[in-house]
Amino acid sequence: MKEKEKLISIKGIIIEIIIFTLFYFSSYFQLIPILLLNLNLKKISGAQQVMLSTFSNVVLLIILFLIFRKELINEWKKFKNNFLEDIDIGVKYWLIGLGIMMVSNIIINFVINLGQAANEQAVQQMISSLPWLMLINAGIIAPCTEEIVFRKGFKKAFPNKWLFIISSALIFGLLHVITTMTQPLELLYIIPYGALGGAFACIYQKTESIYPSIAMHMFHNSALVILSTLI
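Here the working numbering is used: the first residue of the sequence shown is 4, the next is one more, and so on.
Source of the hints: derived by calculation from the structure; they are not laboratory data. From a predicted model like this one, the values you see are computed outputs, not experimental measurements. Yeah, the Cβ is synthetic: ideal placement off N, Cα and C, and Gly gets one too. A portion of the hints provided could be inaccurate.
Simulated crosslink set (DSS-like; lysine-lysine; CA at most 25 Å straight-line) [said to hold, decoys possible]: (1) Lys83 to Lys14; (2) Lys73 to Lys83; (3) Lys95 to Lys209; (4) Lys14 to Lys159; (5) Lys46 to Lys209; (6) Lys95 to Lys14.
Okay, the calculated beta carbon distance ranges per label pair [stated by the list, open to error]: (7) Leu44 to Glu211: 27 to 33 Å; (8) Ile21 to Asn112: 23 to 29 Å; (9) Tyr31 to Leu233: 29 to 35 Å; (10) Ser30 to Asp91: 18 to 24 Å.
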């Protein structure tokens, strides 16, 4: 008889709380270069802010790798052995998530007329300040940290397939909205962000390796940074 799938894992929830806390407060790592270089917080330029953000993301990624190093190494081997199949799965789910994201954004922007999400505006400002470093930060480093926190961490906390996908998508979408929102209606942007997060969760669920979702997340973010730079 097949063993019933657990809905939650107490140990996994504890691990997720730890890494989510690290992720949420990772900006405090910026205090290290600020104190060492004696930077004036009132006079930090846009370019300096991008550098500080990149520094904190690198520190966070190193910590996350140390926490999950054995699993990450094993999943890398699995990814290499199933590269074409995993990428094929990744592209399919990413396209579905992208489609839902685009449609929901159109509805929000033109029917409800909320305009561009505050999070997108903040990212655009950083891209204009130092585009090449933002390509590294947002296009490479951030997808790695976010996939480990929102996919690997949530999968350990919620072994049940649908509970994992829904919770990962919802919190991923929520975190991309509440930190920069200026009005309650902006909570609607949870839908497009959550759609993409749900797609990445489906990729991880299907391939059992974090790297296909990281690859698609990198491709998505890098394409947006490049397009924002060219437009």
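Violating hint indices (sorted, rising): Of the numbered hints, 1, 5, 6, 7, 8, 10 do not hold.
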